[in-house]
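The listed protein sequences derive, respectively, from chains A and B. Under the UniProt record's numbering, the letters of the first sequence match residues 1 to 212, in that order. Under the UniProt record's numbering, the letters of the second sequence match residues 1 to 304, in that order.
Please note that the accuracy of each hint is not assured.
Said to hold, decoys possible - Residues from chain A that face chain B, not an exhaustive set, calculated with beta carbons under 8 Å:
hint, residue
1, Phe17
2, Gly21
3, Met95
4, Ile96
5, Ala103
6, Phe111
What the hints assert, rightly or not - To give an idea of the interface, some chain B residues facing chain A are shown, with a C-beta separation under 7 Å as derived from the structure:
hint, residue
7, Leu154
8, Asn157
9, Pro195
10, Pro199
11, Ile289
12, Val300
Just so you know, these hints were derived from the structure itself, not from any lab. Bear in mind the structure is a predicted one, so any value in this text is a computation, not a measurement. Note that the Cβ used here is the ideal one computed from N, Cα and C, for glycine as well.
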Amino acid sequence: MTDLTNPLLLAVILINFFTLGSARLGACIRVVSVQGALLALLPLTTHGFSFHSILLTTGAFCLKGVFIPWLLFRAIREVRIRRELEPTIGFVPTMILGALTTAGAFLFADFLPLISEHHEGLFVPTALATMFAGFLLLVSRRKAITQVLGYLMLENGIFVIGVLLSDALPLMVEAGVLLDLLVAVFVMGIVMNHISREFSTINTERLSALKE
Amino acid sequence: MIGSLVLHLALLLLFAPLMQGVITKTKAWFGGRVGAPLLQPYFDLARLWHKGFVLSRTTTWVFLAGPVVALVVPVLASLLLPFGALPAPISFEGDLILFVYLFGLSRFFTATAALDTGSSFEGMGAAREVTFSCLAEPTVLFALLVLARLSGGLSLNTLFGGHLLEAWHSGAGASLSLVLVCLFVVLLVENSRIPFDDPNTHLELTMIHEVMVLDHSGPALGMVLYGAALKMMVLGALLVRLALPWQTGWWVSDAAIFLAGLFCVAILIGVVESTMARLRLSRVPQVLIGTSLLSIFALVLVLR
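With the rest of the complex left out, here is chain B (with noise of 0.2 Å):
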């Protein structure tokens, strides 16, 4: 139990802005560039837990509890979620609910923490946020109705148990691609990944995320690119799991099953923002509601 706990957040802390590297590092080498370096973040994190605060004098103690919300919650999560093969520490029946709602906790206060600024670009920034992942919402709940459905059990340890396996080779293998899809989406969109927000932009008209955050500095903003990352990644291994449901019984190999699933998660992510566009913002809605009527099908496929 706490061997597993500590292998549990020792892989999510160490190896979450990784990935973010590897997106840099996939984006460079599409642009025929060489980038930063893949360990990047981590030096960009050092250099902002260093450097001191700036608060404005209109913010209240709510601005500070958004980053460390943010921070927090992907902890929480990960907590439920099995990695790969390794199952997650927590568990209990009805979790996946905790789970979701977790992610509208963190979404909540660094939206309120945006409104504290009372910037006026802060404040649109935080409207998207909240108009978007609300669309994503019901995508996540529908397709983890559909492993719900499959698996026969309400707890994410058995929603990723063993049967997916055999699950992908039975008639369910349909609709198991479908939630791939529809998780893939989702993923982007809360990390605001960039057909739907670009994460390198600093135009406050057209970005959701990045506006939000833009009046944290120094071990804040740290703490929100940290959180940010760690969100990724446990995002991420829902995708993993669903996608590579081997099971070895020996937890390093799990372990680096799981490790080279985000590997990969990560590169195609970076494929994806460097080969598109980002998407007009009045076209995201209707995306999203395209990717919750996949996961509908997916459920009628699967109650067929």
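For reference, chain A alone in the conformation it holds in the complex (with noise of 0.2 Å):
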């Protein structure tokens, strides 16, 4: 099973990448839809078959693979919104700084004081390169969907740390932080709502110009 992790984890890399460099924000929402389904194979590929892992995987599939990206996709229906426009840093610097980070990502996990066991294989440095890509992508857009988006892939690659650590990390941590994450998008698309009504935009440079 552990031949298929490696793939996994490059998959997620290179969707790090995709979403970073693309402006249509329908195609990231997929994008990081498919990799949150991915990130949820992998409590299977990596602990085998146990009522644990399988229960980790259904759990994280329904919300990351299928209920977030469909409230999103509502989200961007109901504010009319295709694609993002003029982000604050440009798409291609952000790629690079993409790249910059996950090259760091894969030097700075060999400091790292880890277990032999985890020093080789792509955990940790693929969960730190997608939690440099979601941060990036929260400075670095200014529609609002794209910086839930941003945040959706931080908590993925929070998650890769988590599925490492599976063993040792109890279910309902887990299922914590998956509900957090629910909540979070909720509050997230019902405040874009909200936004959108008010004043017919959801870029949030507006947001820091209001005045009293």
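Using the hints, put the two chains back together into the complex; each one sits in its own frame.
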């Protein structure tokens, strides 16, 4: 089963690059949901079939791969936006930054005080790279929806670490994280709807210029 | 030595236009048409060969040097490259640099031949071609560096040697698949296929490679077309060897595997061309920077 893990993690990193370079929101949501679905398979490929891992997989798959994307698609339909225009940092610079942080994650992961069996393999670098990419997406985009996507990717990175430790991590903690995520996306969707109703745009740049 | 040279050239010269035929047939099939016969590229070349030259009075010898170099360079490059499991006839340490820059040479001559006509459209096409290919070059070099790192040699023969089969099964399989994707994108860019350039449009404002050869006619145009077919086969050979690293030891079956691989590459190109739309011109550099980053990332994975 471990043969499948590395291609999965690699696909996750490729999806990071794609999201950083793409302007189309629909495509971004779709690939982030694919990323979530791929990550949901990780517990099965690393720990084999057990009650714990199957539960984790189904939970993560339903939330990350199906429900949250559905919410986001609904959100972009309601606020009628298709693409991210004029991000604060351009698409090519964010992609290059993403590549730098990915390379950095690979270098940095070797210095972390991990147990020896975690040292090899792509788990830790992928987790770090995905978190960085999500963070980049959060700070470099203007549309609230892409920021939500960045937040999702950040969580995906945390999920990778969680999978690595899922033998040690109680199921409740993982479920709690997933629930947090769901609530956050929910709240953001509602907030977004309200913002768009009031201001007819969801460009977060406008919000910082609010006056009393 | 002589035998392998003859075999190499025979494979290249005979089967290169067939790839174009397969691509057009695939596209026709996707469009629900019957399409031109598979051997149409050969008929086209024969027809062009029997026509006369029409040369503008403003052009110099450079204008004719363009097609000649475009035809000769892929042939020379093919001699450095193993075709599937058939080893390259000529090989020395560091020939990968020569391989990459031979194509640089042909590009230089095609672009100068286009500029030589003095037409503003052709100048535009030359500018685009040069921009895109200089962005595609780092991708190729980093991809070859990955292979060099894996093989421990610096000649294309060792790079695409028998160790590839084991490399796919080891930890390097991931970066090999990245390299495969990058080289496929480079193949599409260098041969001006659809996501980057449409080989069928003759709208001067959007096309890249076709606009540069607008003023060529007769045998010169035939040489350009034949050279393009050879170039596609040579670049496709990189992909085929990477994707199908099997070695049978008997040259007939090796050649058959190689040709089958090229056939698959041609079908793949046809599928990509029929399912994708042309990218906007400003998006092309972005995609190419993306593939460069991917190949650098593949190198990072291998160096780890």
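Checked hints:
1. Phe17: Holds, about 6 Å.
2. Gly21: 6 Å, holds
3. Met95: At 6 Å from the nearest chain B Cβ, A:Met95 passes the 8 Å test, so the hint holds.
4. Ile96: Hint holds; A:Ile96 Cβ to chain B Cβ min 7 Å, cut 8 Å.
5. Ala103: 5 Å, holds
6. Phe111: Interface hint status for A:Phe111: violated (13 Å vs cutoff 8 Å).
7. Leu154: 24 Å, violated
8. Asn157: 29 Å, violated
9. Pro195: At 14 Å from the nearest chain A Cβ, B:Pro195 fails the 7 Å test, so the hint is violated.
10. Pro199: 26 Å, violated
11. Ile289: With a closest approach of 6 Å, the B:Ile289 hint holds.
12. Val300: This interface hint holds because 5 Å falls under the 7 Å limit.
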